[in-house]
Amino acid sequence: MEMANRIFFRLYQCANMLHKTGTKAVEDEGLTTQQWAVLGALSRARSQEGMSMGDLARYLMVSRQNLTGLISRMERDGHLCSRPDGRDRRARLVTMTDAGRVTWEERARPKIHRFYDQALGDMSTSDMTHTLHYLLRLLENMKRLDDEADGDTEDDVR
1 MEMANRIFFR
11 LYQCANMLHK
21 TGTKAVEDEG
31 LTTQQWAVLG
41 ALSRARSQEG
51 MSMGDLARYL
61 MVSRQNLTGL
71 ISRMERDGHL
81 CSRPDGRDRR
91 ARLVTMTDAG
101 RVTWEERARP
111 KIHRFYDQAL
121 GDMSTSDMTH
131 TLHYLLRLLE
141 NMKRLDDEAD
151 GDTEDDVR
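Numbering-wise, the UniProt record's numbering puts 146 at position 146 of the sequence shown, and it's gapless, one number per residue.
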């Protein structure tokens, strides 16, 4: 149990430091780490036409309630826009504006890449590969716990 406590406490500390130092890396662009995650999700090739709020919440693994406020602020700041989804009138598609794309591609991404280089500075490719492997295993375990808590079974998810 002691080892488990240490692992989860270190993850908690890493999450807090990611938010603190990551936000400092992009604050001159008026962004936070949460906003950079949204812009990053929407910058992927498969998201060029936008993502529904539900899909974006699932991808980022956040609640729709938390995402709604974040998206509203980003719309107000001119980074995003939302429009009705032509395939489902109840859903809204979120896309990056031209200004949001410039902020992301020309200003934020270079700063984020410098942040990555600094944060991962003394880690070898092998260290990073192993870290990613174990984080993905932990994430899968926690997703399973979340599904079970919601009453979903593996058959429901497929």
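Keep in mind that the hints were calculated from the coordinates and are not lab data.
Check each hint, because a few of them may be wrong.
As the list claims (entries may be wrong) - Under the rule of at most 20 Å between Cα atoms (straight-line distance), these lysine to any residue pairs were calculated in the SDA-like manner:
#1 K143 to D55
#2 K143 to G54
#3 K20 to Y116
#4 K143 to A25
#5 K111 to D55
#6 K111 to A25
#7 K24 to A119
#8 K143 to L11
#9 K111 to G54
#10 K24 to F8
#11 K143 to T125
#12 K20 to I112
#13 K24 to K143
Keep in mind the model is a prediction, meaning the values are calculated, not measured.
Hint by hint, here is what the structure shows:
1. K143 to D55: OK: K143 and D55 at ~16 Å, within 20 Å.
2. K143 to G54: Given pair K143, G54 holds - Cα atoms ~17 Å apart, limit 20 Å.
3. K20 to Y116: Holds, because 14 Å separates the two Cα atoms, which is no more than 20 Å.
4. K143 to A25: violated (29 Å)
5. K111 to D55: violated (27 Å)
6. K111 to A25: Distance ~6 Å between K111 and A25 Cα, so the pair holds.
7. K24 to A119: Judged against 20 Å, a Cα distance of about 13 Å means the pair holds.
8. K143 to L11: It holds: about 16 Å lies between the C-alpha atoms, which stays within 20 Å.
9. K111 to G54: Roughly 29 Å between the alpha carbons, so the hint for K111 and G54 is violated.
10. K24 to F8: violated (24 Å)
11. K143 to T125: With Cα atoms ~27 Å apart, K143 and T125 exceed 20 Å; violated.
12. K20 to I112: Judged against 20 Å, a Cα distance of about 13 Å means the pair holds.
13. K24 to K143: violated (29 Å)
Hints 4, 5, 9, 10, 11, 13, counting from the list given before, are not met by this structure.
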